[in-house]
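2 protein chains.
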Amino acid sequence: MPTRTLHLNAFLMGVGHHEAAWRHPRTEPARLNDVRHYQQLARIAERGRLDSLFLADGLALQGDVRHNAIGGLEPLTLLSALAAVTDRIGLIATVSTTYNEPFHVARKFASLDHISGGRAGWNIVTSAGEAEAHNFGTERPAHADRYARATEFLEVVTGLWDGWEDGAVVGDRRAGVYADTGRIHALDHDGAHFRVRGPLTTSRPPQGHPLLVQAGSSEDGKEFAARHAEAVFTAQQTLAGAREFYADLKGRLARYGRHGDELLVLPGISPIIGSTEREALRLEKELEDLVIPAYGLAQLSNMTGIELSHDDLDRPLPDVPVETEGAQSRRKLVIDLARRENLTVRQLLSRLAGGRGHRVVAGTPEQIADEIQAWFTGGAADGFNIMPPVLPGGLEDFVDHVVPELQIRGLFRTEYEGRTLREHYGLARPASRHARPAAAGRLETAVAS
Amino acid sequence: MPTRTLHLNAFLMGVGHHEAAWRHPRTEPARLNDVRHYQQLARIAERGRLDSLFLADGLALQGDVRHNAIGGLEPLTLLSALAAVTDRIGLIATVSTTYNEPFHVARKFASLDHISGGRAGWNIVTSAGEAEAHNFGTERPAHADRYARATEFLEVVTGLWDGWEDGAVVGDRRAGVYADTGRIHALDHDGAHFRVRGPLTTSRPPQGHPLLVQAGSSEDGKEFAARHAEAVFTAQQTLAGAREFYADLKGRLARYGRHGDELLVLPGISPIIGSTEREALRLEKELEDLVIPAYGLAQLSNMTGIELSHDDLDRPLPDVPVETEGAQSRRKLVIDLARRENLTVRQLLSRLAGGRGHRVVAGTPEQIADEIQAWFTGGAADGFNIMPPVLPGGLEDFVDHVVPELQIRGLFRTEYEGRTLREHYGLARPASRHARPAAAGRLETAVAS
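Chains as they are written, first to last, in the numbering used here: chain A, 1 to 449; chain B, 1001 to 1449.
Hint data in this document are derived by calculation from the structure and do not stem from the laboratory. Every clue listed holds true.
Reference excerpt, derived from the structure (chain A facing chain B, CB under 7 Å, subset only):
#1 Pro-29
#2 Ser-80
#3 Ala-83
#4 His-114
#5 Ile-115
#6 Asn-135
#7 Gly-171
#8 Arg-173
#9 Tyr-178
#10 Thr-181
#11 Val-196
#12 Pro-199
Stretch-level coverage of chain A by chain B, calculated; a stretch enters the list once three of its residues show a Cβ under 8 Å from a Cβ in chain B:
#13 63-72
#14 184-195
What you are looking at is a predicted structure, and each value in this text was computed from that prediction instead of being measured. No residue lacks a Cβ here, since even glycine has one placed at the ideal position from N, Cα and C.
From just these sequences and the hints, can you work out the full model?
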């Protein structure tokens, strides 16, 4: 039995990750704004002993809502409602550093961590798009600026979380001392992007810091991850590419004084599951047949920066050199995929419909488990970001059929051992930057008394 | 039986509104960050058929945390967790317009409204304090600027909520039409404070607009309320003062084309309840004896703008003319109270310890009900903002003993009749500004066909 444990995150996305999910009989599109849908998903994922669940986000209505069930709930408000109906599973929300204030973000995640008993995680993103910028009265920021702001944003947020030391709340009713104010620290941050005095209004989160997650795979993104992130979600199409990414990212940690096991790499996988391979392929085909090409074309144009029309469908992807300020790594992935496999635009659309560039694997539970095992033991992954094509059914299939197979193989836990998200991921709880070593603390007390 | 129905809101505040609540044996200060405490309170309030519960907020740690149990959870994250364990009660969160972006706020309240099935309310505040400004890298804004920003903020937020018309989501799987994009509108707001394109990422909230609540009683505050608010929380010490405020505010509605019953006035009341009057007075005395004068002095100095020390305790409030940019109406209320009743600073502190300027009434359930009835039928209130001195016990006392008395008198509902917060408050659901009148719509269709 291997000593390494696989980590599994349920990536929740409306009624499914496949862009035609909402048209398939296994979904109900009216569930998109129904909290009970997400509560059901959270309970299913917890029943499967998954480490965490995760909600993506964007600050503008992106994609054509005429042809897809998009436009759902805001992640942080939703996660609190999921915390209330679960006990163990980690809860990861995407929040952008671009159009937010670090004081608000620190506070909301501290609250969610208290509310969930130490199960909060923050997927740190920057906002690249023009549509997002226009909802905040500004123009899209340059790539490097976004990451410079994100880095300072992180400094402020972690500084605010550290401001209340563990044990700052004393609660001594008799003496009338609620908090030891010597252990609550202002931040007095004064930087290029932010001036924040602090302290936070909320005491230290149960996890010290809610888990820090990151998903950008550009050069700046990887460097940011190596410095700050504890888990990374990534889109990888091939085992070779995933290995390269994994080694690259882990190799960057040392320059920030970090070890390889302080950051987990979780590639996305959309498992299309059938009792037989034929059944899985049939479901894949059903979804493919429901795709609306206009929707995918617009998405692909947006991803690649290449203006595409129906006339391009049966040709290869035009060879237009483009530079976008947006999600650079996803653009590269998509163009590489088209070139490597010599795909027409129509074929490429069908490859992207399942997971927007993430890997799609159709097969039996054993075949899915084989793929997971091969990547996990092959130096490509510490775990996976599970992206069911249809929800809730696809998550149920995964939990009821793939998870047991992984458990039988000794790759995945059969019970939660920890209570916090950090404990599930095997990551240490950070000490406050103000915490004094215990020995020094005792000495001071001795001198003072 | 009167046809007017009383409206009752449970104002939740840590382990109680009395500043010494955390030291009293009826509370447990460790509950301050425990979501189960607030879930228990929400269930108690719902058992009492109260219209709503409400969370105050500030964007800085205000008051001396050494001597009081302050520094709790963030309201919006907390309310989602309360929505998950309740079915009917309204959920009102305080969010400032000063250091927020309207796109975020519109989205979060739209989400909370979806999550709660139409039970969200927004207590709109502006942030006056220096401490808050310093958490956002700026200096405190001038009073008038705060309200100008708030007014434009409201325009943007309500505009975003209106952007998705009712029925914009079609969900026609066969035709492949998820939404009728002709009924989803960009906002294209371009004002002095904000430029926001829209549309929102979230479809129209179940209530159309979450309920708009306001609590400032300055001249600007009252004018803002008359224009936008549907419920107003206010601190009133005397029946005469409350009547004057009530008539003043209702009188302002006409100039915005509104009727008197489109805005409810809810003065605060902290009920100290005993089976006998003696028992109530004993509880009041117990709390008073636990007060830490240094805490109250600092609060009073902050409220009035007058620097006070222990030496001032047994003198009248110094007659220093002061102007603050902060909460002007609360300052006036406190100074008026001291002058009117000729109080020493120590006496004033004891009068403020229970409700920070809100009215405190100690007595039997019948006596509390008498006070409520007198104000309700005397042109001073449409309902009350209930501020229990200790929590959860003080809310239980109110729900189990005062509410039944109000029900017997025919003043308060015995069952919820509606499902949404607006329905509890008897307020109409606003139509989207883009909604076409049904008749005109039919005509257009006829002409077009």
